[in-house]
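Protein chains in written order, with my numbering: chain A, 1 to 325; chain B, 1 to 325; chain C, 1 to 325; chain D, 1 to 325.
Hints were generated in silico from the structure; no laboratory data involved.
One or more of the hints may lead you astray.
No copy labels: a pair is met if it fits in one copy or bridges any two.
[Said to hold, decoys possible] In the DSS-like style, the derived pairs of lysine-lysine whose C-alpha atoms are separated by at most 25 Å in a straight line are:
hint, residue 1, residue 2
1, Lys243, Lys72
2, Lys47, Lys159
3, Lys72, Lys159
4, Lys141, Lys7
5, Lys159, Lys285
6, Lys141, Lys159
Protein chains: 4
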Amino acid sequence: MNTFGRKFRVNLFGESHGAGVGVCVDGCPAGIDLRQPDFAADLQRRKSGARGTTPRIEADAPELLSGVFEGKTTGAPVAIIFRNENTRSGDYADLLSHPRPGHADFVAARKFGGYADYRGGGHFSGRLTLALVAAGVIAKKTLGGVTVTSTILEVGGAKYGEHEALLEEAIAGGDSLGGLLECVASNIPVGWGEPFFDSVESLVSHIVFAIPGVRGVEFGSGFAAARQKGSEHNDPIVASCGKTGTNRAGGVNGGISNGNDLTLRVAVKPTASIGAPQQTFDFAKGRVDELLIRGRHDACIALRVPVVLEAAVAIALADLMLLNS
Amino acid sequence: MNTFGRKFRVNLFGESHGAGVGVCVDGCPAGIDLRQPDFAADLQRRKSGARGTTPRIEADAPELLSGVFEGKTTGAPVAIIFRNENTRSGDYADLLSHPRPGHADFVAARKFGGYADYRGGGHFSGRLTLALVAAGVIAKKTLGGVTVTSTILEVGGAKYGEHEALLEEAIAGGDSLGGLLECVASNIPVGWGEPFFDSVESLVSHIVFAIPGVRGVEFGSGFAAARQKGSEHNDPIVASCGKTGTNRAGGVNGGISNGNDLTLRVAVKPTASIGAPQQTFDFAKGRVDELLIRGRHDACIALRVPVVLEAAVAIALADLMLLNS
Amino acid sequence: MNTFGRKFRVNLFGESHGAGVGVCVDGCPAGIDLRQPDFAADLQRRKSGARGTTPRIEADAPELLSGVFEGKTTGAPVAIIFRNENTRSGDYADLLSHPRPGHADFVAARKFGGYADYRGGGHFSGRLTLALVAAGVIAKKTLGGVTVTSTILEVGGAKYGEHEALLEEAIAGGDSLGGLLECVASNIPVGWGEPFFDSVESLVSHIVFAIPGVRGVEFGSGFAAARQKGSEHNDPIVASCGKTGTNRAGGVNGGISNGNDLTLRVAVKPTASIGAPQQTFDFAKGRVDELLIRGRHDACIALRVPVVLEAAVAIALADLMLLNS
Amino acid sequence: MNTFGRKFRVNLFGESHGAGVGVCVDGCPAGIDLRQPDFAADLQRRKSGARGTTPRIEADAPELLSGVFEGKTTGAPVAIIFRNENTRSGDYADLLSHPRPGHADFVAARKFGGYADYRGGGHFSGRLTLALVAAGVIAKKTLGGVTVTSTILEVGGAKYGEHEALLEEAIAGGDSLGGLLECVASNIPVGWGEPFFDSVESLVSHIVFAIPGVRGVEFGSGFAAARQKGSEHNDPIVASCGKTGTNRAGGVNGGISNGNDLTLRVAVKPTASIGAPQQTFDFAKGRVDELLIRGRHDACIALRVPVVLEAAVAIALADLMLLNS
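Pulled out of the complex, with its shape left as it was, chain A reads as follows:
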């Protein structure tokens, strides 16, 4: 299922080397300003082109198929599509017999009985995050004053800004790097989320783990909390609005937003596609053999994830907002 949300519902579709990718946003409120140029900034942030990102460049022009009339959402589902143009499917011809480590090639072939579109990862491709970012633009507008901001904390273990040498080294060696991101959402009122299964953390982590390459999600003090004492961890409430003196809880108590910033950190694995030869199973030969991956890839996909992470968090929050209004 490629559907997320109970009231603000997002449906992704498309493939890396098919006609295109798209999204249908069902449940978006009526009356929100929405025109094609509104997508430009976030789509540009997601775009490749910077050092360490893939040389495959697409125009990525969204077509608003439905749900918008005279520059406003109508309350009907908003469908948006992006055409694929710059595809080189020949690059992927042998993935069926020799699946790439760290990719979905093997599981997709098995899960879908050999019918999956394997070209460029098909439906599993990171290109689908283009549609996710588009949905995120709508979610951010739906959220009104609630802001969602992501930043890169680390690349390959180095502080962001001090990572250039590591990145150059990885590129030179045909290797790739992981990264650590932070996301902060501000101005969330007290009371979003439900106890237990629809806790804020449950819904946010659900969609964040849908982003390709995410390996871990933590809120507030996160994994460090496992090593703390209660006297170090508890956030004293310091004002009647619920403001706390510290924010180790990351803005959530008992699954419910507490009026402080929602804070989370996300670990992104190193890009699975690397230039160096790898040993992995060759199903045609029936034995492990060397694989050399062709195609164009990001040396550090984490560099492009911030805007995707914002989109994911914004979608979860838009759903929470509508569920709690």
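Following the hints, put chains B, C and D in place on chain A, whose structure we already have.
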């Protein structure tokens, strides 16, 4: 909403100091052996009594209200209730005006307009995990050969087994400790999960973050992946069944189970209730004031979480199994 | 799945001859007055005892297990159970091999691999409507000023009130009668429901067809509309609030409530259990053979359905109200 | 929400006079033959052109955007779009102030705060059934040997085939006619559906009432059952496969398919758009005034509904099939 799952659907209800807690498991297949004694082992594991756990002891005898006939599930919803017996509600009388830091007292009062049952945390209480463990017993039986096992890795930052001194110190100081847990699920076939929103990680993290006190969830190499290179992180496939030489992916590629063990680690915060006095807002006085928490509590709730974590993961996997059968 | 609703979510469980039946209402707003006596009137209306209804009499006292504190809903799930007391399971011993026509005996045995609780229809029993009526009481209170009222129009084809002779004749002959009901919901504001799949009619018919014995549902002019002209069928709007001069649409246009009364009619089949001998397949003998049904039954189940129909419609409307608030 | 289904999930989008209409089918199994020509027959059946149908003719060529590779479904979401070409939006300019009786103009404007696309009914238009029919084509293929067939029983109260004079009269008078349809689904195995809320009738009626203009749905003997005796209504089982001697139940007992044909009848109201002048509220003038509807319309929309009804029933059955496999 206290509902999780699309085919194996779990519904929690109850309060810490009300009539009891319970669960309704809808979608459980027919023909599974299920009798009251089947719950004993896991309920015992969750029970308090060990050093560092609350002195509130309950019989915790499950009553199977429905969905079972002649020792087998019937395919109809299985409802189970646990009566509360050992409650001391007087302990919680002043939480309304002086909410406890790190608890849901404040958000519950605000979200539910002052109508929440505040006694012992009410519906937000960790006592609800009793019902979750009961549902987990059914999920484990539904899973057949798929096994789910949790262990404690660390308590308060110390390796489990070497943590006794830290724990005694915390107890003596009226303080509490966090903990780090691991969960491994074995024998999952290739192909469970969906690309993007219903990825294995999405569904598992969704329910794991419903466990009170969880601050972080990571799969496979987790946060360490952010500091790795692709050449260090990729798992080479070494056999036609999908077995990989390493398991940094934690058993999932592209959101789909790859036939290797599902592995995750979970950070549990230190128990919010501590014996030491805390400064926090007193709504009756309109200013920060000292709070001294009474009631009976765990010095390290993480010690009781392993079986709860197993239950949560088993429920997500049972749903995935039924969705993929 | 025994779950209905997206925000006001109802979960039924239980069996005719097991420990009892119950319901969990998830998503009920906080602050609604709710005490045990509030259920008495509707439960009494559902109760048997009148001419043409089963002599099985149960106390039907609801136990409010959760979600209520000091006489108000808390916002947490409300679980209610009813114990079974007056059961005679011996009456149903041979249903496994000789399933009753018009009942679920055969399909239940096949669907659930022989594990279904067959006593008195098990989970398929009309006794489950007890739990539905209890949920309906909560739904009606949630709806505030929106009222839901059902009446019997016909019994066995005779106008209600003129049906006594027919009913006596059916009872005397060991036979049963069907009935026709109407339900009207008033004071629904303009705008509930969604275009297409979550139209008011879609959601209402969904839950109304969950009532055992319902064979047809029509809104407004219903089946008569198939024989009308547009000039006879269209409802002219006569006021700015949306009030129409006629109400052939039954209160809904394009799936959305239009501010007029929601009106529907429901056909209830004659009780399947009849005293007269019937020819049907005997799986033990491998051939058609005579079946004589024992047990206690209603000669006209339609007589007890009005309050069940109100409950079903109220639940759908409560969900629509919360989704549209 | 424009989403239906739990495993075979259908999402409609689009408007009558916008860029186009479309559908995203999520959860379609992999390996189903699907090419553009497969849609031709059903789309042709839905097309207008026959006597009594609108003169607006569209090419209605489906573009398969995703989820199909080398002529087979891949298991990924299948998105299909149809471009609008033959639109005359000027025809609808005054609907905002003078909403048409029997249409959604008024409720759409109110529900969506004046932001709805009103041209040709916008998202509420019958043109959306084009996308529904496309989804139905996929559903029918997913169903394999289960067949779904609809026929027209009556037009304007006259037997189909004897209705021509009535139709000509209606056309001549600028009026419209309703119709009665039947749908039969064969080869459904025993056991689809769930007790209560996910009964076969619940799911089928849910989606059938999403078809614009449907006023009533009945299964098996339907409303006639309300006037029958149990001895007349019960279907004796006559073979071990579950075959019954009669089929008054319409193929369902206790909400579960019983192995016999699923049969339902559907009442379709007369087309709301008529040529004759109508009195209805004019919001610009603040009083009732005469409305003359321009635009191109069907004199009897029921004539085009059979293939839409098949699509709706097939979608519900495909979901039931996947849920029960």
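Structure-based check of each hint:
no. : hint               : verdict
1   : Lys243 with Lys72  : neither (35 Å within a copy, 29 Å between copies)
2   : Lys47 with Lys159  : within (22 Å within a copy, 44 Å between copies)
3   : Lys72 with Lys159  : neither (41 Å within a copy, 47 Å between copies)
4   : Lys141 with Lys7   : both (15 Å within a copy, 24 Å between copies)
5   : Lys159 with Lys285 : neither (43 Å within a copy, 45 Å between copies)
6   : Lys141 with Lys159 : neither (31 Å within a copy, 47 Å between copies)
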